[in-house]
Amino acid sequence: MSDSSEKFNISIDGIECEANAGELIITACDNAGVHIPRFCYHPRMKPVGMCRMCLVEVSGPRGMSLAPSCYLQVAPGMEIVTDSEKVKKAQDGVLEFLLINHPLDCPVCDKGGECPLQDQTLAYGPGESRFVESKRHWAKPIPLSDLILLDRERCIQCGRCIRFAEEIAGDPMIDFMSRGETIEVNIFEENKFTSYYSGNTVQICPVGALTATPYRFASRPWDLEQVESTCMSCANGCRMVVQSSQDKLIRNLGIDSDPVNQSWLCDKGRFGFTANQSDLRVTVPLASNEEVSWKSAIDFVADAIKQAVDSTGPESVAIIGGSRLTNEDAYCWSKFARSVIGTDSVDAQLGDGLAPELVLGLPKATIDQACKAPLVVLVGPDIREEAPILFLRLKDAATNGQTKLIEVTPNATSLSKYATQSLFHRPGEQHVVISALVSPQELKPPTQGAPIQPVAGVDVDDITLARKLIQENKDAVFIVGRPSMADSEEILTESVSQVVANMSEAKFLTLLRRANTHGALDSGLAPGCLPGRTTLDLGKEHFTKIWGKVPATKGSSCTEILQKASRSELKVLILLGADPIKDFPSKKLALSAINSDTKIVSITAHMNDSAKLSDVVLPATMFGEKAGTTTNFEGRVSSLGKKVTAPGQSWDDWAIAVTLAMRLGGDLGFNSLEDISEEMEKYVPLYRNLKPHIWESSAQKDGIVLPITGESVKPRWIDPIATPGISSLTHHRVALRDSNDNTLELDTGKTSEFQVLRFEPHQGDLKIPTLDAYSLRLMAPRRLYDAGTHDGPASATEELPSILNLNHYDLDRIGASTGDRVKVVSSTGEHVSKVALDDSIAKGTALIWFNLKANGDEIGASDLIGVGELVTDIRLEAI
Amino acid sequence: MSIPKIVTSRLGFDDSFTMDRYIKTGGYQALRKALKAKPEEIREEVTTSNLLGRGGAGFETGRKWSMLRPNPVRYLVVNGDESEPATFKDRMLIERDPHQLVEGTLIAAYAIQATQAFIFIRGEFALGLERVINAVNEAYEYGAIGENIFGSGFSIDLVVHPGAGAYICGEETALIESLEGKRGFPRIKPPFFPAAIGLYGDPTVVNNVETMSNMPWIVNNGGAAFASLGEGRSTGTRLFALSGHVNQPGNYEVEMSKSTFRDLIYNPEYGGGVRRNNQVKAIIPGGASAPWFGPDQLDLALDQDAVAKAGSMLGSGSIIVMDEETCMVRAAWRIARFFHRESCGQCTPCREGSGWIDRIMRRIEDGYGREEDLDLLMDACDNIAPGVSWPPAQTTICVLGPSIPSSVAWSIRMFRDEYLIHIKEGGCPFR
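Residue numbers (the working numbering), protein chains in the order written: chain A, 1 to 879; chain B, 1001 to 1431.
The hints are simulated quantities; they were obtained by calculation from the structure and are not laboratory data.
Only a predicted model underlies this, so the values are computations on that prediction, with no experimental measurement involved.
Not one of these hints is a red herring.
The calculated lysine-lysine pairs, modelled on DSSO-like cross-linking and capped at a C-alpha distance of 27 Å, are:
#1 A/K88 to B/K1189
#2 B/K1189 to A/K86
#3 A/K46 to B/K1189
#4 A/K823 to A/K588
Could you put the whole structure together from the sequences, leaning on the hints where they help?
This is how it looks when you write it as structure tokens:
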């Protein structure tokens, strides 16, 4: 609670112990191993003292008296008694009161068996009820959203859900209604609880009042098996417990990992396991959409690769994708591509990410460092749509911490209301704003006394204030990501160059969207890169020694690969869980590449648009079905748990690479996952010390930021009632210590056998075309839910149409109103689309969400975006 | 012996609520006088007067003011959310002498150097709201509120805020929440005592309507004159709302400590005796949350400390008299039901306990009681207010919780036989 390091003695049940100034009594007792029962208290939220379960006797000016331990702070010499008759009587009384109106339908309640009310009644409550009146009755359950149901009879009015929604998520969509005995949690009439974070309320509900449809009546807690894992819905890498029953994934619960997700999950991650059971799963190998055996499929692919290499050289084989893979998969594929095929044309990203030199070569900040930094500068997209839990962390830092936030974005984001300064710039001119903020020269008027013109549409006063903050905080953390698919990644690279050139102490958090993009890049799945955050040039010698051979020259990026395919210069294109038709910014190029003579091999868990057009489709295992490790956008490695058997004939991606290599006469030297991690640990300095004994220690619970150092994490107790359902996890943890509490030996060795990549600022000379008066500049940001195969059920299911959004000025200018159809023309294509009014969009710009499914009259942004253009300008014509 | 009428001096006039009458009877002279003095001199006078808060807790007003945290922003909030059954003294002051309330509020605001003042009035007081709002508007026109009052350099705005029908908003921290536009949930304290962290997080004084109405007299006559009335800590006069089975129910201003409950009930100037010359069976000396007294305690002085020593309180200044024809079970149940309906629902013991007790009480009154219900009631009371003693211990955030046992537990202690008759005879003998 407090940063004060002052310590003093208190006594708990007659035993002297040390407590920190500013600490709550309940925390001091938890630290001393004395459990105080509680319902409303949650260590991640402000105390409210409502349930009165945590009453203890506390010494005060008027002697010992009952006081709630959840909001009183310890004081020097304080005596606390938690087990006196008086305390027991109060606990017994509160539980009896809680139970009089509780339905006691435990045998049919989903919480039964992992219920804090059940558990604490057993431990602290009355044996029998003295209540003979009729209980309170409510209509039940009532839907708070399509996903979350509320049973008001079971509710004990602790307010955890309400406080979570308002305090943590910033979505105050549920609240108490009425008062006294008839007080109830509810939504405001027809406004549903459409929060990205709604599932957390189910996890923290201390009774079975809140349930989510996927788990409702699906299992009993004692029938669940669980494994610790890491969410792969986005690149935040939230720690979670994956639970299954009868070999079927059934529930995910967030683990309280202090540096990462602090027990929260977004709904996309929490309910993402439904994708494992999707009808779109590919379960058998397919050739020309017909089922074939694995042998003939492998033969087909191996022959195609061999033919291509023999006739037109290894660079006529290319690989796109890799963010779905584990680190071990990615390493294996990287080795396969470089040493067996001999191609360097591998790219884990689809032209929609960040330049590898940014991800691998910039000085890194962790989430914690960002949240403790005096200043965070967000350069890019709406974080809630890209990494929802990072949004929660930043919102918390900006509202409860000392962190000031500046955002440099094309339009308002979910963080805008928490930001100190919001600089909304013209799309595509982000680097101009960044330059004005970080360069040593202040803005000057063109001539003495003349007014200074706005910078890329941003008011000069706003620039001046933000500039001052940045100049005062040279150690600011920059969170950088792609704001829109309609402008080139070069713009962001240019912005970062400006920052690096002017602020040597700045640190960066590179906002990647897909789960293990960082791990794939770390493994060298990018043209010109090799495992361990190095380049082909820097690491060639080292990897030639261990792999036998590596390509001589840098290969093609995703865009170049697709261009080559569309010109029929490519013979084989392997899609590693990638769907360029949906995800590549320009659909026109992706379609022409996939439809070309190039043989397309899709290795995927789900049938997608690109797989449908592929020559061969190989079924792969996915999250929950395979073990390994993943790396989040901080560069933090954490473990993935294998919980269920993959459906049909799905293989792990590494095994596919190994088999293909064998068939091509190569031997990757891997017979198991362990073989791969051993080689990575042994030969790639980045992974040094990532050995099994480190993983088996408690260090791995929060994941480990690479490279590993001896820095330890404080032992921390996890409140089992804060996250009911995963109480069987180890509660005490010490980083880098084994189970006998011995400090683990770290092999310090040589720091590096080769040089790693460093980002070098380059003097960019981007010529952003001037927006002419007849055109609008296009923004194409991405939303969290993208109608993709990994989208589970959501309460935020408000179906957004994929149409053109304009502000009223531009709408008037073309004489249209919401719902009208207009012709949209870009240099790449033209379409007819409906238009809609959105006044949060600046004059002269238009917005189409990039990743929403376009139906009927709707338009996909990727239809308008060209290749190699810095920005996308469109014209509208009335029909 | 003539006792000065301190807060009820204008109530004899039909037009007591008008600016006209107020000015004619010396209105706003006290404010002019106060503004010429230094704020600390006014605070000194109030401290000298030893005026005890008239809202219920009876805390020294001067001391409350002195606890204000230094801050550029300070608020004065006047609590006019009088909502307890049989408590109606503030209502009369609000309806019949609104200018006195406004003037008192302004004096207090000046004394504590408040930057903004609020009068929170119970929403159901339609007439009172209308009259206070009129009074505030007239005072603005008269120059008594607003910028540079009477040329003194002191400026303040006064906002009248209607409540929305919740008794709990009479609890000062719930009132502050309500004033902030939030749900009327009392705040947890510590750390949130209003003097430190009050309205909008700034230091705030919350004073009762009657407390404010005493201000003009104290400024005009001096704190010492006020302190010379009454005895000990209980100084000045106090307005009592006398109700129940007396011949002349109503509000009576009496000098503190000098009269007894018996005087108030039987004096022809006040209650004028019990109806049909019946005997007094029980009285509730200080509002619905006060423990009951029997006829043996009628000779207690109307003195805060004396009543507290005897095990109850003068509380909200409401005295309810019940004669021998009254069913004690029903009377206690009615009060229990009130608290059940008015619990805010935050704390488990109060939210659930109040409803449970209400249901058991009703069952007994209806003739379905069991002998073990009496122990059950006492134990339920004990779980809300451990020990069921006075002053009460509490397991809840605010004092609404421990108010529940006052009628139930004390009526069981005093009239156990009557409960047993209900149980044995299967119904209420008084119906």
